[in-house]
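Produce the entire structure from the sequences given, and follow the hints as far as they go.
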Amino acid sequence: MEIDIVTKLSCFMFCAGVLTVLLRRDTILMLVGIELMLNAVNLSLVGFSSLHGELSGQIFVFFIMVVAAAESGVGLAIIISLFRAFRSVDREAASELKW
Amino acid sequence: MMNELIFYLLAGLVLGSSLAVLLIPNPMYATLSLVGNLLAVAGIYALLNAHFLAVVQVTVYAGAVMVLVLFVIMLINNRDFEARIPSKIYFFLASALVFLFLYILIPRLSSSGEASNVEGSVRSFGLLLFQDYVINFQIAGILLLAAMVGAIMIGRRSGD
Amino acid sequence: MKDLIFLSVALPLLGSIISPFTRLAPYIATGSVFGSFIISCFLFINLDEPVVASAFNWITVAETEIQFSFTLDRLSMVMMLLVTGVGGLIHLYSISYMKGEPVRYFSYLNLFIFSMLVLVLGSNLPMLFIGWEGVGLCSYLLISFWFKNKEYVSAGTKAFIVNRIGDLGLLLAMFILIRDVGTLDFRELQNLFSAGSPIAEEALFLVAIALFFGATGKSAQLPLFVWLPDAMAGPTPVSALIHAATMVTAGIYLMARANFIFDAVPEVLVIVLIVAALTAFIGATAALFQKDLKKILAYSTVSQLGFMFVAAAAQAYWVALFHVLTHAFFKAALFLSAGTVIHGCHGEQRVALMGGLLKKLPYTAIVFGVCSLAIAGVFPLSGAYSKHAIFDALESSTLPYFSLITPDRVLILLSITAFLTAVYMGRTFSLVFLGTYRGKGDPHEGGVLLVLPVLILGIFALVSGGYLLQFLPGYLYLVLDPLEVTNPHFSVVPLVGLAIGIFLKQVPNIGFFERAWGFDDLYSIFIVKPFIAFSKLFDSVIDRLLLRGTVDATSGSTLVLSEGIRLLHSGRLKIYLFYFFVGISVGLGVYVVG
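Residue numbers (our numbering), protein chains in the order written: chain B, 1 to 99; chain D, 1 to 160; chain V, 1 to 594.
No lab work stands behind these hints: they were computed from the structure. A portion of the hints provided could be inaccurate.
Estimated spans, in silico, between C-beta atoms of each pair [as the list claims (entries may be wrong)]:
#, chain 1, residue 1, chain 2, residue 2, range
1, B, G53, D, N26, 15 to 23 Å
2, D, M2, V, S585, 35 to 43 Å
3, V, S557, D, N26, 45 to 53 Å
4, V, G589, D, R79, 38 to 46 Å
5, B, I64, D, V67, 17 to 25 Å
Taking lysine to aspartate or glutamate and the EDC-like style, the derived pairs with C-alpha atoms no more than 20 Å apart in a straight line are [stated by the list, open to error]:
#, chain 1, residue 1, chain 2, residue 2
6, V, K440, V, D292
7, D, K88, B, E92
8, D, K88, B, D90
9, V, K574, B, E96
To spell it out: a stretch of chain D is covered by chain B in this simulated footprint if at least three of its residues, at any positions, have a beta carbon under 8 Å from a beta carbon of chain B; those stretches are [as the list claims (entries may be wrong)]:
#, stretch
10, 37–44
11, 63–74
12, 97–104
We treat Cβ as the ideally placed atom computed from N, Cα and C, and that holds for glycine.
What follows is the structure, given as structure tokens:
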């Protein structure tokens with residue numbers, strides 16, 4: 001199997017994640033988009049690990065997962081604080097830091 | 001042959017669920033689509049001989065992180081979720097950006113090689129993890145600790 | 001001796017520094033000047049050879065060394081006595097006249113005496129120049145003494161600026177001398193010149209002309225005399241001291257000091273003669289048509305200074321000095337009397353509103369009358385001696401006259417001028433002291449402090465003629481050639497002039513003469529107004545547009561730019577994320593493409 005299909009797939013997932021972050025108004029779904037992006041990167045890394053026969057690519061993925069877990073935990077905590085302050089998770093609600 | 005078929009099936013699932021995450025308004029459904037995406041990707045990991053990673057993906061990523069997100073969604077309980085396209089200009093700008101992304105990257109991804117048989121078993125993974133990358137492992141542990149403490153601190157109600 | 005020289009110069013300086021801080025300033029200032037006078041007398045008695053008192057080596061450039069030093073020779077001695085003597089009397093007068101005025105007046109007056117002493121005692125041209133500038137400064141400070149009046153201030157400014165234009169001449173002369181001769185010391189220059197001219201003809205001509213130009217600025221000759229009538233805005237004792245007796249004579253002193261330079265280029269002396277004779281004539285005609293008492297005396301000073309320069313031009317430098325002395329006596333007395341008169345008439349300066357003051361101000365009237373006779377040249381008063389000496393010197397001069405300029409014609413012009421002098425003085429005396437009083441209030445004599453100095457000066461104006469005629473040429477012979485002049489004799493001409501003036505009283509209102517042949521207007525049209533227009537152009541174009549515009553543009557553009565950038569802070573997460581991804585895409589793009 002050629003690996004380029006894996007990398008193309010990963011690229012598509014990544015773009016979907018970018019669009020999710022940019023276009024969605026729910027902050028929780030923005031976090032979801034970030035997770036999607038991270039997942040895409042993981043996929044491409046595993047693909048390259050398979051391409052080169054190196055296991056260290058997968059080790060990298062492992063650590064990315066660790067970081068993603070940590071970051072999503074903290075992010076959700078922030079979103080909950082945000083919800084408590086603005087009574088909404090809409091990103092437009094938290095626009096008080098205007099010029 | 002069988003491999004190829006399963007791969008294309010999983011690939012289709014991945015594509016579909018990504019689009020679903022992007023396009024479905026209901027946050028619950030969108031998150032569940034992401035879960036599906038994660039599972040499909042785990043399958044692809046397995047096909048690529050990254051067995052340990054596949055299991056970790058299902059257990060940790062899909063099983064713990066996503067569940068957490070689902071909890072919060074249910075906590076927030078937002079009934080009035082948004083319409084599809086927020087503002088046209090922004091939509092077009094963002095899409096153009098992404099299109100550019102794809103347009104630039106895809107040609108450079110064309111030339112690749114064959115998948116090789118890399119050993120992604122628990123044993124070999126463990127060996128590498130605890131020998132060559134043990135320091136990273138420890139730091140990751142500390143990171144998780146910090147994140148945990150941080151999350152609790154941030155999420156506290158004032159006065160607790 | 002050297003220490004005494006330094007002391008005599010330092011005393012007025014000290015007085016000037018101390019004065020602003022004490023109410024006793026008038027007495028301290030007067031005391032310091034009289035102190036200098038006493039020292040001068042002592043020096044006079046004991047002076048034989050010239051004494052050089054050098055303080056330190058001031059400037060050393062290449063091979064030229066300029067010392068900060070004073071030289072007391074007989075010429076400087078005469079000037080020193082004049083400055084401190086007349087200066088002291090005027091300080092005495094000021095104690096009473098300037099009662100109640102700010103004491104910085106005495107500080108300035110002392111500073112003036114100091115500068116004048118530096119001027120006459122300087123061993124070299126730069127030292128002289130220090131004094132030169134100093135008296136110019138004090139003149140400005142004192143003319144604009146009552147600075148709240150804008151017109152007085154502009155008069156002071158005008159004096160300073162016109163002086164400054166003359167100073168350019170003096171500076172140019174110094175520069176040429178340094179470049180071509182290498183020294184500015186008077187002694188050394190005199191030695192060099194005695195062996196024949198050390199520099200080229202053209203350069204020497206320039207030096208002499210430049211020096212004379214400087215003198216015209218300081219001594220109010222053509223074309224730089226326009227400041228002197230306006231300078232009457234200052235207090236009357238100032239007019240007496242600075243603009244009659246001392247500062248305006250600095251130009252004569254310069255010519256006497258540098259006589260060897262002028263003697264080497266007689267062509268310049270012809271130019272000096274023409275300028276001086278014309279100035280004398282213009283001044284006399286202007287004095288005849290003035291309506292203000294002080295302005296009459298001011299134009300009279302311009303005219304008399306012209307006489308002094310005529311003497312200098314005729315290479316009879318000691319005669320010029322002679323007239324300096326006699327003029328100092330009677331003109332200072334005239335000014336101080338005028339001060340008393342004006343003070344008595346409660347500030348009125350127009351002669352039309354005076355009259356009949358002979359009875360009310362008898363002492364003043366007598367002195368004024370005596371000095372009028374002196375200035376008109378009535379024998380045996382001092383003015384007669386000095387004027388006659390000037391005419392004699394002119395007759396026997398050996399200058400390279402050319403074409404229209406002959407000594408006879410100049411003599412005729414000068415004679416007419418002398419006659420006019422008598423006429424306007426007679427008119428003035430008549431309008432002020434004779435007839436009935438046409439003004440308001442009741443004028444009366446001031447105290448003894450006002451009368452005494454005037455009396456003393458008047459006595460000198462009365463008797464000094466004969467003595468000085470005997471004494472001066474012999475005393476100054478080492479410095480200035482003792483040209484032989486004859487004794488004057490009684491002439492009825494000045495008396496006729498005076499009589500005409502007395503009976504004439506009113507003169508027709510001829511604006512041309514009253515405005516001194518329109519020189520002020522000439523300068524206004526051709527120099528002042530174009531300059532102001534030019535400055536306005538600069539202001540509107542360069543100052544406003546370019547300079548301020550650039551600064552405004554810088555700040556303005558920063559403001560506009562920041563207003564624009566501020567809009568980036570929308571506060572909306574969506575926009576921030578967008579920027580984020582754009583940035584990353586650009587970076588990625590650059591990396592991939594490059």
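| Any hints this thing doesn't respect? Which numbers, in order? | Result: hint 1 breaks, nothing else.
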